[in-house]
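With the hints as constraints, model all of the structure from the sequences given.
Residue 0 is where the sequence shown starts when you use numbering that gives the first Met the number 0, and the numbers rise one by one after that.
Keep in mind that the hints were calculated from the coordinates and are not lab data.
Note that the Cβ used here is the ideal one computed from N, Cα and C, for glycine as well.
Hints should not be assumed to be uniformly reliable.
Straight-line C-alpha distance at most 27 Å; calculated DSS-like pairs for lysine-lysine [stated by the list, open to error]:
1. 485 / 215
2. 268 / 221
3. 215 / 268
4. 407 / 442
5. 78 / 88
6. 284 / 306
7. 407 / 144
8. 484 / 215
9. 118 / 485
10. 303 / 162
11. 346 / 162
12. 88 / 72
13. 268 / 284
14. 303 / 284
Pairwise CB distance ranges, derived in the manner of DEER restraints [to be verified]:
15. 252 / 85: 16 to 26 Å
16. 255 / 66: 15 to 25 Å
17. 426 / 511: 46 to 56 Å
18. 288 / 261: 37 to 47 Å
19. 138 / 364: 35 to 45 Å
20. 170 / 300: 16 to 26 Å
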Amino acid sequence: MYFQRLRKQSLHHDKVAKASWCYPDGTQIPYGVIIICLVLFMIGAFSRTQFQPLRLPYPPGPPPSSWLGGNIKDVPGIKPWLRYTDWKKRYGNLVHFRIYGQHNIIVNDYDTAVELCEKRSNVFSDRPSTTIIDLMGWDFSTALKPYGDHWRVERRMFQQAYKPDVVMSYWDIQTQKVQDLLYGLLTTPNDFRNHIKTVAAAVIMSVVYSHDISPKDDYYVKLAEATVGKLSESIFPGAAMVNAIPILRHLPEWFPGAGFHTFAREARKLTDQMLNAPIAMVEKKMENGTAQPCLASELLSTCKNEKDRMHTKCVCATSYAAGADTTVASIEAFFYVIAKYPDVQRKAQEEIDRVIGNDRIPTFNDRSSLLYVEALFREVLRWMPALPLGLAHGTSADDIYEGQYIPKGASIIVNTWAMTHNPDVYPDPDTFNPDRFFTEDGKLNDDEVLYTFGFGRRVCPGRHLASNTIWLTIATVLALFNMGKKMDADGNEIPVEADFTTGLMTHPFPYECSIVPRSDVAERLILDA
0 MYFQRLRKQS LHHDKVAKAS WCYPDGTQIP YGVIIICLVL FMIGAFSRTQ FQPLRLPYPP
60 GPPPSSWLGG NIKDVPGIKP WLRYTDWKKR YGNLVHFRIY GQHNIIVNDY DTAVELCEKR
120 SNVFSDRPST TIIDLMGWDF STALKPYGDH WRVERRMFQQ AYKPDVVMSY WDIQTQKVQD
180 LLYGLLTTPN DFRNHIKTVA AAVIMSVVYS HDISPKDDYY VKLAEATVGK LSESIFPGAA
240 MVNAIPILRH LPEWFPGAGF HTFAREARKL TDQMLNAPIA MVEKKMENGT AQPCLASELL
300 STCKNEKDRM HTKCVCATSY AAGADTTVAS IEAFFYVIAK YPDVQRKAQE EIDRVIGNDR
360 IPTFNDRSSL LYVEALFREV LRWMPALPLG LAHGTSADDI YEGQYIPKGA SIIVNTWAMT
420 HNPDVYPDPD TFNPDRFFTE DGKLNDDEVL YTFGFGRRVC PGRHLASNTI WLTIATVLAL
480 FNMGKKMDAD GNEIPVEADF TTGLMTHPFP YECSIVPRSD VAERLILDA
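Dropping the structure here:
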C-alpha cells in the first residue's frame, strides 16, 4: 500500500513537472500560466501602441502589417538601412514604426539627429532595453549600458583614456602595428583580410592590455571577431522576438520559438572570455612584476574595491570589442574601393610622391600636408559607414518634436547611411569620389564626416584612436603598394565586385585583388622598417 501511494505521488509529480517550468531554486511555474502571461503582455503591448496621453500623432511611418507584430514584416533582414532610407522619401526625416510593443523612431537626416541626440541629450541618451543583449552577457559593455551612474563613471574613464592629447601618445604603437601590416601585405598579399583584422586588434590589444598578438590565427583576434559577430546578428529590431516580448526569456530552451536561448548561451561563453581573459592576463603580470604600461594596468592600479575593478574590466573589454571590429570595417572598405577605383589610387599616390617623396613612409606628422589622402579618408567613412545604423539611442522621457509624439522607452535609430548618402549633401552618393570634400579654391571643406562615430553623449569615445589607425593605414598602403584587379589562370582580369554584409557592422564579402609593392624602393622601405 505504501509503495502504491508513493508511486502515485511520483506519477503526479512527473505530470506536474512536464506541465511546468522550474527556476533553479525549484520553484515551478505551469506553462499555462506562462502562456496566459504572454497573451496578456501582448494585449498590453498592443494597447500601449494605440493610446498615448498627449493625444499627439506619432511621426509618420508605414502602416502596421499585422495586428500584433506591427511592422515586423516590413523590416527586412538584409540591409534594413536601405529600407529606412527609402522610407525617408515617403515619410520624411523622422519615421515611426513598431514591432510588437516596441516603438522605433528612425532619424534620417543630420540636423534632426543633432537636435534630438545632442541638443536634447538629457532625453535621448539612453539605450533601449534589449533582453537578448543581457542574455548574451553584453550588459558589461559601456556602449550598451543604460544611461545612469554606472555609465557615467565608465564614460569619464573612457574620456580620460582617449582624449586627443592622450591618443597622440599611442602614435608609436600604431606606427609599429601598421608596419607589421605592411610586411604582411608584402609577404602574403592574398591573406590581406587577415592582416587587416590583425592590425586593428594589435593596436587595441597593445594600447589596452600591452599584449602583442600573433601575426596569424591569434586567439584574441578570433575571439573578438566571433564575439562581436554574435552581437551583430542580434541587435536589429525584430532580429530576436525576445527583444520585443521580454517575458519570453522565461521559456525553456526546448519550447517552440525559444531557440534564442541556445544562441544566447553560446554567445555568452564568448562574451565571458572576452571580458575576463585579457584582464586576468594583465593582473597576473602585475602580480609577477612583469606588466608593461597600458590602460588596464593603469586603471587596475587605482582600483580601491571590487566595484572599481568591475568598471575597469568593462571599460577595457568595451575598448577591445569596439576597437577591433569597427576599425576593421573601415579599412576593409578602403581596400575594396582602392582596388576598384584605380584613378583615385593614382591621384592619391601622385600627391604622396609630390609632398613627401618615395624614400620614406608617411607618418602622422604628414597628415596636414596630404590633403587628397585626407579627403580619401573622409570618403571611406562616408561611402561605407562601418555602422550604417549606429547603436540605437533610447528615450528616458516622453518628448515632442515638431508636433509629433516620441514616447518614453522608444528606440531612436540614427540612420547614418541615409545621412552619408543624402544626394542633397553628397551628389551622386553611390560613387566613391574624394573630390567632393574640396572647396572651389582647392581647400578641404569643414565636413569631416565625424558624425559616423555617433551623436551626443553616445558618440564613440575612441574615435580619435580609430581614425588615426585608419588614416595611417590608408596613407602607408597607398605610398607603398599598387592595388587592382587580379589575373586568373588564363590571364583574364577578375572583376573587383563584392556585396557588403548585413549586421551591426558591415564588411565586404570576400573578393580577390592584386597587391604588389610599387617599386624596389618601396619593398626595401617595408623590410627596413
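Hint check results:
no.: 1; hint: 485 / 215; verdict: holds (23 Å)
no.: 2; hint: 268 / 221; verdict: holds (14 Å)
no.: 3; hint: 215 / 268; verdict: holds (23 Å)
no.: 4; hint: 407 / 442; verdict: violated (44 Å)
no.: 5; hint: 78 / 88; verdict: holds (17 Å)
no.: 6; hint: 284 / 306; verdict: holds (21 Å)
no.: 7; hint: 407 / 144; verdict: holds (17 Å)
no.: 8; hint: 484 / 215; verdict: holds (25 Å)
no.: 9; hint: 118 / 485; verdict: violated (49 Å)
no.: 10; hint: 303 / 162; verdict: holds (24 Å)
no.: 11; hint: 346 / 162; verdict: violated (33 Å)
no.: 12; hint: 88 / 72; verdict: holds (20 Å)
no.: 13; hint: 268 / 284; verdict: holds (24 Å)
no.: 14; hint: 303 / 284; verdict: holds (19 Å)
no.: 15; hint: 252 / 85: 16 to 26 Å; verdict: violated (37 Å)
no.: 16; hint: 255 / 66: 15 to 25 Å; verdict: holds (21 Å)
no.: 17; hint: 426 / 511: 46 to 56 Å; verdict: violated (31 Å)
no.: 18; hint: 288 / 261: 37 to 47 Å; verdict: holds (44 Å)
no.: 19; hint: 138 / 364: 35 to 45 Å; verdict: holds (42 Å)
no.: 20; hint: 170 / 300: 16 to 26 Å; verdict: holds (24 Å)
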